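Undergrad: Residue strings, one per chain:
Number of protein chains: 2
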Amino acid sequence: MKKIGFIGVGIMGGPMVCNLLKAGFDVHIYARHKEKQQVQDAVAQGAVFHEEKKDVIHGMDAVLTMVGYPSDVREIYFGGDGILETADPGTYVIDMTTSSPDLAVEIYEEAKKRGLHALDASVTGGDAGAKAGTLSILAGGEQGDFESCLPLFQAMGKTIVHEGPAGMGQHTKMANQIMIAGTLSGVCEAVAYAKAKGLDCEKLLESVLGGAAASRQLELLGPKILAGDYEPGFFIKHFIKDMKLALEGANKEGLQLDVLQEVLNHYLLLSAQGYGEEGTQALIRYYMEQDS
Amino acid sequence: MKKIGFIGVGIMGGPMVCNLLKAGFDVHIYARHKEKQQVQDAVAQGAVFHEEKKDVIHGMDAVLTMVGYPSDVREIYFGGDGILETADPGTYVIDMTTSSPDLAVEIYEEAKKRGLHALDASVTGGDAGAKAGTLSILAGGEQGDFESCLPLFQAMGKTIVHEGPAGMGQHTKMANQIMIAGTLSGVCEAVAYAKAKGLDCEKLLESVLGGAAASRQLELLGPKILAGDYEPGFFIKHFIKDMKLALEGANKEGLQLDVLQEVLNHYLLLSAQGYGEEGTQALIRYYMEQDS
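Note that the protein sequences, when read in sequence, are chains Y and E.
Residue numbers in the first sequence follow the working numbering, run continuously in steps of one, and reach 292 at the last position.
Residue numbers in the second sequence follow the working numbering, run continuously in steps of one, and reach 1292 at the last position.
Derived by calculation from the structure, the hints in this document are not laboratory data.
Watch out, some of these pointers could steer you wrong.
[Stated by the list, open to error] DSS-like mimics (lysine-lysine), calculated; alpha carbons at most 30 Å apart, straight line:
1. K1003(E) <-> K244(Y)
2. K1203(E) <-> K112(Y)
3. K195(Y) <-> K1054(E)
4. K1203(E) <-> K1224(E)
5. K1241(E) <-> K195(Y)
6. K36(Y) <-> K244(Y)
7. K131(Y) <-> K2(Y)
8. K1244(E) <-> K224(Y)
9. K1203(E) <-> K22(Y)
10. K244(Y) <-> K158(Y)
11. K1022(E) <-> K203(Y)
12. K1241(E) <-> K203(Y)
13. K1113(E) <-> K1003(E)
14. K3(Y) <-> K22(Y)
15. K252(Y) <-> K1224(E)
16. K1034(E) <-> K1131(E)
17. K1237(E) <-> K195(Y)
18. K203(Y) <-> K1252(E)
19. K224(Y) <-> K1158(E)
20. K1195(E) <-> K112(Y)
21. K237(Y) <-> K1195(E)
22. K203(Y) <-> K1195(E)
23. K131(Y) <-> K22(Y)
24. K112(Y) <-> K3(Y)
25. K158(Y) <-> K1203(E)
26. K1112(E) <-> K1036(E)
27. K1054(E) <-> K1022(E)
28. K1203(E) <-> K244(Y)
29. K195(Y) <-> K1112(E)
30. K1131(E) <-> K1022(E)
31. K1252(E) <-> K224(Y)
32. K203(Y) <-> K1034(E)
Note that the structure is predicted; figures quoted are calculated from it, not measured.
Could you build all of it, start to finish, from the sequences and the hints given here?
TA: The following block contains the structure:
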């Protein structure tokens, strides 16, 4: 495992490529926008940029994808010059995008027919985790394939778990996002209540961070919410995609996730108001702007 | 500050009394059920039991209350032989029950007329925090009164914050409970999703506990949820009381907390099904029993 193709060199993919380079892999990248900062950084650190997608697929030991939406994943795998068509038999093809679990299974099955080893391996930890190489990597696929790819995963992540067969990595990521939706909405509703009652919100955070209400969302986003800082760590538009996938998946099992649905509705409203490019903490707007 | 009256020697009050005794206070207790284990434990450690409520109010430097519902608080303060009628002028009267912020203000104002120093000082940290003396104490009232009572609070808690004037301790507790409602519902919806999809839930917890979905609720209650252990650390019936108070408070400010309302609805359904005496983690029943 030496030559790695990487498609999708953005906020997450960029630092992941750099960590693969640091670990000694020979990384070939393809991105639609060569001028992007992350692409420039990756090239400066030794990544080889290719103008043609097929050149980071053909001749590689593994091809990693980290793109935006399931439609992008589908295009890259099933489209013209796509991974399934272009990868050499025996190649490991790993989608790290947060994407549809069903699509992951579809890719796995099609890949198997073609002698490719497919894994779905979505991540958590955000751009900070991507930079630090401390991502959690949630992998689905065959045990043997997972083990073969461990050196790759270890270059990018800290907590690396084989969750089960194809699709299970994505399902785990869905569960993760469902938790975040509940937690962050609780934080925002609490802050909205506190502001309405005239509480000192700095004291509120100090008071509750050590207790049963503590959460990583509160820690990371609480101070941003109080400061009115809605810069994206994680885009609302991407969170909406994830929540929709999770709800679709739940509905298929006859499971109604009312809180997730409620949180999604709030975000859809914010998105319709033009806030889709803000960070998820901008959920507080839904509550603070109820009367405006 | 030496002689302390304590009313409400239950799961929380019992260990709080014991910590006051350890710190050298002379604690006089009143409880409706003398035979209760917590009362027996407190007496064994040196608390003086009184048959009459007024005997733990009159002649005390401070009177602490830790009871169940706002109606209990009202009765103990405003009822016959109550605190407002019976306490000596100059006494510190501190309600530590999670109760109505408006009632806390009402008590404060009436107490002031009678020369009493009232504080609302609800706590977080559960029975474990009460035993360990590591509660967070969220206090509302006058700054000077708060400072005078610090030795008491330090005997029972670790994080001790003066949140603002009367009622602000209770408001902080409400904000805390709002956060917990969102967080715990996120955890339960995620586990329900994971089970529906056949995920290995132990691996799920391992995968997400270090990341952005991490929370104290997940840490404390996740394993209980997986084990089907619904023993109460915190009763559903008490959480329902808290959520109702928080929603009433929000509505008064024209603030709609949709997620909290949704979570309350789920708990009300569980309560109607006879689960009010279970722990809050039994919220998972709402999702697991949707089809049954």
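Undergrad: Compare the structure with each hint and give your call.
TA: To see whether the hints hold, each was checked on the structure:
Distance hint between K1003(E) and K244(Y) is unfulfilled; the C-alpha atoms sit about 59 Å from each other, more than 30 Å. Restraint check: the Cα-Cα separation between K1203(E) and K112(Y) comes to about 26 Å, which is no more than 30 Å; the hinted pair holds. Under the criterion of a C-alpha separation no larger than 30 Å, the hint pairing K195(Y) with K1054(E) is inconsistent with the structure, at around 39 Å. Under the criterion of a C-alpha separation no larger than 30 Å, the hint pairing K1203(E) with K1224(E) is consistent with the structure, at around 15 Å.
Annotation: proposed proximity of K1241(E) to K195(Y) holds, straight-line Cα distance about 22 Å (limit 30 Å). Among the hinted pairs, K36(Y) with K244(Y) is consistent with the structure: their alpha-carbon atoms are about 29 Å apart, no more than 30 Å. A threshold of 30 Å between alpha carbons decides the hint, and for K131(Y) with K2(Y) the separation of about 21 Å falls inside it, so the pair holds. The suggested pairing of K1244(E) with K224(Y) holds, with an alpha-carbon distance near 28 Å, which does not exceed 30 Å.
About 29 Å separates the Cα atoms of K1203(E) and K22(Y), which keeps this hinted pair within 30 Å; it holds. For the hint linking K244(Y) to K158(Y), the alpha-carbon distance of about 28 Å falls within 30 Å, and the restraint holds. With a CA separation close to 29 Å, the supplied pair K1022(E) and K203(Y) stays within the 30 Å bound. Our distance criterion of 30 Å between C-alpha atoms is met by K1241(E) and K203(Y), whose separation comes to about 24 Å.
Straight-line distance between C-alpha atoms of K1113(E) and K1003(E) comes to about 23 Å, which keeps the hinted pair within the 30 Å bound. Between K3(Y) and K22(Y), the direct Cα distance comes to roughly 14 Å. Compliance with the 30 Å bound is thereby established for this hinted pair. About 27 Å separates the Cα atoms of K252(Y) and K1224(E), which keeps this hinted pair within 30 Å; it holds. Distance restraint check for K1034(E) and K1131(E): the Cα-Cα separation of roughly 20 Å lies within the 30 Å cut-off, and the hinted pair is therefore satisfied.
Pair hint K1237(E) plus K195(Y) holds up; C-alpha atoms about 27 Å apart against a cutoff of 30 Å. For the given pair, K203(Y) sits about 23 Å from K1252(E) by alpha-carbon distance, which is consistent with the 30 Å threshold. Straight-line distance between C-alpha atoms of K224(Y) and K1158(E) comes to about 26 Å, which keeps the hinted pair within the 30 Å bound. With a C-alpha separation of about 27 Å, the suggested pair K1195(E) and K112(Y) falls inside the 30 Å cut-off, and the hint holds.
The hinted pair formed by K237(Y) and K1195(E) meets the criterion: a straight-line CA distance of about 27 Å does not exceed 30 Å. Of the supplied pair hints, the one linking K203(Y) and K1195(E) is violated, its CA atoms being roughly 38 Å apart against a limit of 30 Å. In summary, the hint linking K131(Y) to K22(Y) is supported, as the alpha carbons are separated by about 12 Å, within the 30 Å threshold. Restraint check for K112(Y) and K3(Y): satisfied, since their Cα atoms lie roughly 21 Å apart, inside the 30 Å limit.
Proximity of K158(Y) to K1203(E) is assessed by CA-CA distance (about 15 Å); at most 30 Å being required, the pair is judged to hold. Restraint check for K1112(E) and K1036(E): the C-alpha separation of about 34 Å exceeds 30 Å, so the hint is violated. Using a Cα cut-off of 30 Å, the hinted pair K1054(E) and K1022(E) holds, with the two alpha carbons roughly 24 Å apart. For the proposed pair K1203(E) and K244(Y), the alpha carbon gap of about 23 Å is at most 30 Å, so the pair holds.
Restraint check for K195(Y) and K1112(E): satisfied, since their Cα atoms lie roughly 27 Å apart, inside the 30 Å limit. With a C-alpha separation of about 12 Å, the suggested pairing of K1131(E) with K1022(E) holds against the 30 Å cut-off. Of the supplied pair hints, the one linking K1252(E) and K224(Y) holds, its CA atoms being roughly 27 Å apart against a limit of 30 Å. A hinted pair counts as satisfied when its Cα atoms are at most 30 Å apart, and K203(Y) with K1034(E) does not qualify at roughly 38 Å.
Hints 1, 3, 22, 26 and 32, counting from the list given before, are not met by this structure.
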